[in-house]
Amino acid sequence: MSAIIEEHHHDDHHHGPAKGLMRWVFTTNHKDIGTLYLWFSFAMFLLGGTFALVIRAELFQPGLQLVEPAFFNQMTTMHGLIMVFGAVMPAFVGLANWLVPMMIGAPDMALPRMNNYSFWILPFAFTMLASTLFMEGGGPNFGWTFYAPLSTDFAPPSVTYFIFAVHLMGISSIMGSINVVVTILNLRAPGMTLMQMPLFVWTWLITAYLLIAVMPVLAGVVTMMLMDIHFGTAFFNAGGGGDPVLFQHVFWFFGHPEVYIMILPAFGVVSAIIPTFARKRLFGYASMVYATSSIAFLSFIVWAHHMFTVGMPLAGELYFMYATMLIAVPTGVKVFNWVATMWQGSMTFETPMLFAIAFVILFTIGGLSGLMLSIAPADFQYQDTYFVVAHFHYVLVPGSIFSIMAAVYYWLPKWTGNMYDETLGKTHFWLSFVGVNVTFFPQHFIGLAGMPRRIPDYALQFADYNMVSSVGAFLFGFSQLLFLFIVIKCIKTGKKATAQVWEGAHGLEWTIPSPAPYHTFSHPDEVDLKEAHG
Amino acid sequence: MDKAKQSKVLVALSLLLPSSVVHADWSVNMRQGVTDISRQVYDLHMLIFWVCVVIGVLVFSVMIYSMLVHRKSLGAVPADFHDNTKIEILWTIVPVIILVAMAIPATTTLTAMYDAGNSEIDIEVRGLQWKWQYTYLNDDPTKEVKFISSLLTPQDEIKNEVLKREHYLLDVDNELVIPINTRVRFLVTSGDTLHAWWVPDFAIKRDAIPGFVHEAWTVVDTPGTYRGQCAELCGKEHGFMPVVVRAVERAEYDTWLASKQEEARLVYETVGKEWTQDELMVKGEEVYGRVCSACHQKNGQGLPPAFPSLVGQGLAVGPMADHLDIVLNGKAGTAMQSFKGQLNAAEIAAVVTYERNAWGNNMDDSIQPREVNNMMSTGQ
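If you read the protein sequences in the order shown, they are chains A and B.
Counting from 21, one number per residue, gives the positions in the first sequence under this note's numbering.
Counting from 139, one number per residue, gives the positions in the second sequence under this note's numbering.
Keep in mind that a hint or two might mislead.
What the hints assert, rightly or not - In silico SDA-like pairs for lysine to any residue, Cα to Cα no more than 20 Å straight-line:
no., chain 1, residue 1, chain 2, residue 2
1, B, Lys469, A, Arg43
2, B, Lys284, B, Asn298
3, B, Lys469, A, Phe251
4, B, Lys421, B, Tyr406
5, B, Lys224, A, Gln364
6, B, Lys210, A, Thr368
7, B, Lys210, A, Gln85
8, B, Lys297, A, Gln81
9, B, Lys469, A, Gly158
10, B, Lys469, A, Gln85
11, A, Lys446, A, Phe503
12, A, Lys446, B, Tyr406
13, B, Lys297, A, Gln364
For the record, the hints were derived by calculation from the structure and aren't laboratory data.
Generate the whole structure from the sequences, applying the supplied hints.
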């Protein structure tokens, strides 16, 4: 084993990245692949965002102005699918690629060639998915949750391409997460125990297990759809002895862990950033690890809280209500720990810290509305209204997406060797912060007042808040072009970054020069475990 | 900065736009509703809301205080603590106690909602793309009142050609009528895809699922008209299938039901008589405008390729049997649904006759409701 590493080490010193486009096609370097994932994710973020703006433009006023209802449904569906599978998940995989090896003192991901495959599947999967919009009958129009039988007996012909695209995304995710697990378990620097790993590594380890557990379930449910559509089975067709509710159980058995897949790495990011800018160690490291594990476990046993109105028996409703309420406990522990980390620190408020603090506050608001949704009798009034839309956008946009932006600002100097423009960064933060709240806060009100989700037109009493919400959405959407500009500017120019970059930053990635060399920690001797964080 | 300006311009523009909004309001909360259960749900909602507010205010106050005071720019020196088992246990136990306190009233209300026995009136609620079918179940089949309730808002209001009236998108041709102070049970199901029958004022939301019948019940205590909408995505017109329930005094309900039963008998009788071509065309035009024109359009031209034109091509100028078959049974894999459960024999006969003889289609033939009724009852 050591001979192999020796040989590899020897090779590495003689070549940097290949030249030209082929560097990106054939690369097995974790940093290159991380970069590819992050750019791909940003492209999908803009595409999914454009769909969201089509939705908000149509909902600016009552009446149908811009799009037909049939196209509106395609927009809500594609917005959800692209944002979940194309923007948020690949962004976290990109961060894992860049950071996990550098945080645990590993030379690269454990399975570099597979790493390349798992990225390069994605552009094809999403091209196929997006191309359905131009097919006869239009793209998927049944919501990102694609409930049967709307997605089977009543679906447009393009549903088959949708199924194939979901399979490809699943394969990509499974390969990516196996890679993360193998890397973390096998390639930690000698002497680094699991409880010495930074929390970002911990949260990704747990996330990767969630992915491996539930992506096959998603593959199963779309395969059952495929069989129903093309091969005469009736899994979800009541007329053939099947059960439409079975679809929802299988889907949400995937879907609920999926929402934690999109938030656990965010917890890891925030747990890295807050201590740095509070200049104080993370409070309750061990309890953070246990809380994350508890959340992951609970995520498997609460799925039917998405289905309180499908007519489950009373005992089922009660069980899923109690189990769901329990999630508030470990989630609360995490929030309290972050607050305790800030307490009596010595804080500065650079852009990553601003995004991280906004994350804690706005994610907590989303968490509290989640607690309200867990109360089954009240959920009969909330279910499928804009209250739910407001809830999950609060945990996903100022939750997951703010954490991704915080991460980009935080590690960008390490990646590029240049500091980003702090004034522009803060401007981007405040525009996003205001935009997100103006967009989603009023949606709580229109939801409680009775506006269902996924409708292209609405009754007059919802008009005012919808207009406010649309204005906020355009503000938030266009602010992201500023983000693009800041990142490009930082790649090209900027004050040179030091190795540590931030005064309070600790961890192995801050011991290597900025920009990080193409190959890092090629030899265990390069790792100084005293700097490992945890 | 440009973006900020842009959004200001947007806000300014929105204020200048001629407002078509008649009854806009800024209400921010759930409705209390008109049943005992809906008020319990409202109280539960307010209780959990205030619990959340208190937790939020406490957590955010500590954060904000810390952000204001523990700043490097004020010379704050970081403390050294990073662990405290006692406080960790405390902030695990306290939330558990709060949750248990919440779970108790929630369980009581939920149990009450699920107790659907002893109803005086049973109504089957069937979701259909994109309307509701209500059936007042009766042991005597000749007294069974059954009707379709669909959107009344005309297309020109939706397309912004005329001013939108009150109850825009929340108005139906046939309201569901129930008596007050009477236990009414709803048996919710679907004839095609998923829907959800939602009346906010009753705190009832039940998914309508093909192959399942789910119960819900209510006792309304205040007369009035209560409006809701389909709450589960069900296809193209999901946003256009409102639920309207009118709760009236018992005596008024009895009168209404009697007249509806009489109407049902008359409709049944119309199937027996011989219709003239003109009668069929008049009836057919009315049915076509109500049921078919959303997809095939008023002028029959459709919206190809999803919704084919009926003018001078296809089944409307082909054999009568094929034409009837598609209207009765729909076409699998397309938006063309089966209408045999929604339209009566006279309506189907009329609309088929109309399609074969309108817009320059000159088939010069017709079919009698009696013949259609025979086909329907023999399951063809």
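Legend entry - Violated constraints from the hint list, given by number and in increasing order: 1, 2, 7, 10, 12, 13
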